[in-house]
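Residue numbers (this note's numbering), protein chains in the order written: chain A, 1 to 176; chain B, 177 to 453.
One thing to keep in mind: the hints can contain errors.
Stated by the list, open to error - Covered stretches of chain B (chain A as the covering partner; in silico rule of three or more C-beta atoms under 8 Å from a C-beta of chain A): (1) 192-204; (2) 313-320; (3) 368-379; (4) 420-431.
By construction, these hints were calculated from the structure, which means they are not laboratory data.
In this text, a Cβ means the ideal position worked out from N, Cα and C, and glycines have one as well.
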Amino acid sequence: MRSRPVRLALVIVAVVVAQMAILVHLVVLGAHPEVIWLVPVAAGLLSGAELGASLGFAAGLAVDLFVPTPFGLTALVACLVGFTCGRLAEGGMDAAGAGGLVLPGVAVVATAASVVVYPLLGAILGQTQMLHINWVGIVVVTTVANVVLAIPIAALVRWGIGDEEPAARKAVTQGW
Amino acid sequence: MARARRSRRTLITIGALVLASISIITVDARGGSSVTSSLRSAASDVFTPVFNLVDDVTQPIGDFFAGSFNYGALSAENAQLRSALSKLQLEQSSTATIKAELTQVLALQHLSFAGSIPTVLAQRIGGSSSNYTSTITINEGTLDGVVEGMPVVGSGGLVGTVISSASSSAVVRLITDGGSAVGVSSADGSINATAQGEGPTAAINVQFVAPSAHVRRGEVLSTSGTDGGLYPVGIPVGTVASATSSVGAAQPSVTLTPSADLSKLSYVSVLLWSPTS
């Protein structure tokens, strides 16, 4: 399959199906994993800010179809996550660096930031009930799950991008 | 030069995406919810069978691996004995589960507080799809007359409200959700207040209680019907779990325990009653 948009669309569908059909049932400490944040993290680190933000937006919008929170909120946060991770990659951070610990490390920080920013943004947008949540459970469960799932999701996103040499790394090594 | 151009393009892209996100959120919040509801309903109709299929396929695999981990280290004899014991326990557990579900269904057939309002019996088929809301998914939708805004009750009392419905499924916001607010009153009418959800792990908070109101612990508060007619009058919402008055406080602090057991919902009844009726 040569078309990158088609592959990326399949990646999004696969992640959304995994989230809604499997992960929502894995409730621990009153919360379930949120794998969706790994898509913009992986895309940003592997391909730069532009694709990170775009894929985050698209994946977030797909998830917004199935969750009863404000429509577009997941897209907004995922877009910002993808942009930030992409900027880190463009600044020289290698997803495979530090013995492979960069990706899980960034996944932990980005996931924790996402699940905190998400309800805060919701509250700013008038959905103050989103602050009445199990903060500790959500942060612990989502970050632990995303450490485990970071590498397989990154592999899936890498397949979707279909570029052997990451664009961000190209940019660094070739000076744009 | 090329780097600056690319950087500018990236900033334009992120700016456009952020603007698009905020626009979508604004449109959704300011009356465009019918558009997003339709989108969500269509997506649910298309993908719910896929989700159910994947769930059905992956659940036995998960059980298989769990079983392997549990019994892998034991001898063949022990494995056989434990397997037999597990089967017996499973049968016993299944029987107990079936009995509990039957009790719920039978109780839902005789809802005194529903009066003459027609109801649709629905099975809970899923929990909340988001960590930030308290919702359940039920297996009845628009094909059975279940639409947005309809109250949902359990055997003990009010469970929540339908917030979105697809053709054969619907999402119900529980009364413990932070976005839920129900007008409540006591049987003698001395208390008129609002039961506000505080999240799945917290008790329901009762707001706007008159300072002079005498709230007794154990008292049942029911829907008052004064909140713009969102609920029929007289559905039990919760039992007063605590009621304290502090000196100088504008109102007593009152919390409720839901009348319906929200943690063990297998079946619910949707009241075919719209807020405008």
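Hints, one by one, checked against the model:
1. 192-204: holds (count 9)
2. 313-320: It is violated: at least three residues are needed, and the stretch 313-320 of chain B offers just 0 whose Cβ sits closer than 8 Å to chain A.
3. 368-379: holds (count 6)
4. 420-431: It is violated: at least three residues are needed, and the stretch 420-431 of chain B offers just 0 whose Cβ sits closer than 8 Å to chain A.
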